[in-house]
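Enquirer: Here is how the chains run, residue by residue.
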Amino acid sequence: MDAAAIRGIIEKGLLQIAPEAEFDDLQPTENIREELDIDSFDFLNFLIGLNEELGVDIPESDYEKLITMNDLTAYLEEKLQ
Amino acid sequence: MGWQPIRKDPSRWRVAPNLPDYHQARAEFSWNAVRRELSGLPDGRGLNIAYEAVDRHVDQGRGDRVALRWLSKEGQVEDFSYTDLRDRSNRFANLLRNLGIGKGERVFSLSSRIPELYCAVLGTLKNLSVFCPLFSAFGPEPIAQRLERGDARVLVTSERLYRKKVQALRHALPQLEYILLTDSTADQPDNVLSLSRLLQESETQFSIPQTDPEDMALLHFTSGTTGKPKGAVHVHNAVMTHYLTGKYVLDLHPEDIFWCTADCGWVTGTSYGIIAPLTHGVTNLVDEADFESERWCRNLEEQRVNVWYTAPTAIRMLMRSGLKPREKYDLSHLRLVHSVGEPLNPEAVVWGVEALGLPIHDNWWQTETGGIMIANYPAMEIRPGSMGRPLPGIEAAIVHRISESEVEVEDHPGCEGELALRQGWPSMFRAYLHDEQRYRKCFAGDWYITGDLAERDADGYFWFVGRADDIIKTSGHMVGPFEVESALMEHPAVAEVGVIGKPEEMIGELVKAFVALKSDAVASEELRLELLGFARKKLGSAVAPKEIEFVANLPKTRSGKIMRRLLKARELGLPEGDTSTLENG
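Chains R and C, in that order, are what the protein sequence lines are. Oh and the first sequence: position 16 is 16 in this note's numbering, straight run, nothing missing. Oh and the second sequence: position 285 is 1285 in this note's numbering, straight run, nothing missing.
Because the hints were derived from the structure by calculation, they are not lab data. These figures come from a predicted structure and were not determined experimentally. The reader is advised that the hints may include incorrect statements.
[Unchecked claim] The calculated DSS-like cross-link candidates involving lysine-lysine, where the alpha carbons are at most 27 Å apart (straight line), are:
#1 K65(R) / K1073(C)
#2 K1164(C) / K1103(C)
#3 K1502(C) / K1537(C)
#4 K1328(C) / K1473(C)
#5 K1568(C) / K1518(C)
#6 K1164(C) / K1073(C)
#7 K65(R) / K12(R)
#8 K12(R) / K1561(C)
#9 K1556(C) / K1502(C)
#10 K1518(C) / K1164(C)
#11 K12(R) / K1164(C)
#12 K1073(C) / K1537(C)
#13 K65(R) / K1518(C)
#14 K79(R) / K1008(C)
#15 K79(R) / K65(R)
#16 K1073(C) / K79(R)
#17 K12(R) / K1502(C)
#18 K1518(C) / K1561(C)
#19 K1324(C) / K1008(C)
#20 K79(R) / K1328(C)
#21 K1103(C) / K1008(C)
#22 K1473(C) / K1441(C)
#23 K65(R) / K1328(C)
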């Protein structure tokens, strides 16, 4: 799976929680939670959803590294290799 | 109540607790004695929260002690001594004075946890203006409502939050004269000013004017079942409760490093994230970042936190993560853990013993009470699931309403009723701003009726049962169903809405909306998401529903009022009971 496909899955997951999100306004290095107004509870559910969708195990100890779109895409790309 | 009590042996502790004997402290208690432990303004000029929190430590030779240790999101650490905090808050007080903002006028904040915010709170109090914090995850509607209702003259915020949440509604807020941006070096049109520039131009010398203990100091908004949010007014005298609870409940000692994880946008973040710890001269830790299990545990270890005050949602998220903090991190400095926001389930209290090496002390209070009222104290046996016993100086009771102005006190242990407090403690709210009628309705005779249902056991421990009204408690904060319903009603496809709190393991309750559509609208997944986004844009993540369910119609009384309790009973699969008693037709 390439970066664009992964990004598509991430966006789909985020839209379930924040359907009003406009990804054109979100820079790849911006804090996703802050920019899209996603609280801890919703972010946790989003990551659990990604886990299920991609079959990738995302341990909670890694959550603090997953701040931006770039972080998430790179992290999942590596895990999916 | 089938959990074993957690007994303690304070004689073995390295720090002797401030409250070794609960019953003795209650018997000997006097507010005058508490007042004597505070300094009061020099030359008998009264009592000011900011002086007790900051300046008096400098005046008494403790100015070099670290008052605020700030951790940025990126991991930088910045220390501010009590002298720094005095000078910076003086600058903010002078800034307000130079802008012509005076006594009683309201200064609002909408900000993440940054040092400028703390200096603004204290500077506002020094100038005898009134501080009102807003939570940054509110959307434009709750923000505008509160700014308007609270007569905001000044708003301290960031460029991003201003642009996203306030700018578009500014025209409807003519009283809001100044916007002070924490992250802009240049002024912008419409009195949108650079805070750093203004601070630089302001003096570090400021003499706090005469402060009557009954002068208004803080304004905290809280949600009601119906109507607009209520602005609970607190006065400078509240510092007595902040100090006392810092002493007896949090058990603060001058050498302590204390961490309250609450955001300043809520009352806990002000009373215990700023005022109470500073009145004790401790080092107050502030983390700009939100909850993240590893980061928080690392904070406890690296910052050598002694006393930690957090919330059930965070504790349950830690539990869920499977992390065993004590095995991975050195928590040997940690002496006490406290929790507030909603009742802490007994499993979580006991989890603390295993995972942190310490039981978690739950306590109970509200925006209206200004400070902790009922608590589990360090040296007192914990009964897991109980909120503990009333603070010395506070009388709590279980009551039943007989009429609007009368209650009957329930003397029998184990009987459910409304939790009430005998009125008159220093941090009791003095008004709901511009809403005298709603304020009066909170009292019956000598009692303040809290709106919580509870019971008391034979030994005087109080146990939370539920809310007496429809207010939703989610992630430790209140959401009024009416606010959410009103926002959704503005969508053209929506005919009716009923909003309830659906029990949720981690966050207590989640906001759930039942929506009946207009006859020309069709329920679909697309429409559900559209409504969710619509509500989030207006209300923000802190208030918006997390679940939306379409229904053909909503249960209503004969007068057309939506029966939220019936919706909740259906959601929980409970018997619907005699519906005629749920709400009056």
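Enquirer: Now, for every hint given, state plainly whether the structure supports it.
Expert: To see whether the hints hold, each was checked on the structure:
1. K65(R) / K1073(C): This hinted pair holds, its Cα atoms lying about 12 Å apart.
2. K1164(C) / K1103(C): Judged against 27 Å, a Cα distance of about 30 Å means the pair is violated.
3. K1502(C) / K1537(C): Status holds; Cα separation ~22 Å.
4. K1328(C) / K1473(C): Roughly 33 Å separates the two Cα atoms, so the pair is violated.
5. K1568(C) / K1518(C): Cα-Cα ~23 Å, so holds.
6. K1164(C) / K1073(C): Status holds; Cα separation ~21 Å.
7. K65(R) / K12(R): holds, 20 Å
8. K12(R) / K1561(C): Given that 27 Å is the threshold and the Cα spacing comes to 38 Å, the pair is violated.
9. K1556(C) / K1502(C): holds, 19 Å
10. K1518(C) / K1164(C): violated, 31 Å
11. K12(R) / K1164(C): Roughly 23 Å separates the two Cα atoms, so the pair holds.
12. K1073(C) / K1537(C): With a Cα-Cα distance of about 25 Å, the restraint between K1073(C) and K1537(C) holds, given a limit of 27 Å.
13. K65(R) / K1518(C): violated, 45 Å
14. K79(R) / K1008(C): Not OK: K79(R) and K1008(C) at ~47 Å, beyond 27 Å, violated.
15. K79(R) / K65(R): Cα-Cα ~14 Å, so holds.
16. K1073(C) / K79(R): holds, 26 Å
17. K12(R) / K1502(C): Distance of about 25 Å is within 27 Å: holds.
18. K1518(C) / K1561(C): holds, 18 Å
19. K1324(C) / K1008(C): holds, 22 Å
20. K79(R) / K1328(C): Roughly 25 Å between the alpha carbons, so the hint for K79(R) and K1328(C) holds.
21. K1103(C) / K1008(C): violated, 47 Å
22. K1473(C) / K1441(C): holds, 21 Å
23. K65(R) / K1328(C): Measuring from Cα to Cα gives roughly 18 Å; hence the hint holds.
Figure legend: structure checked against the earlier numbered hints; hints not met, in rising order: 2, 4, 8, 10, 13, 14 and 21.
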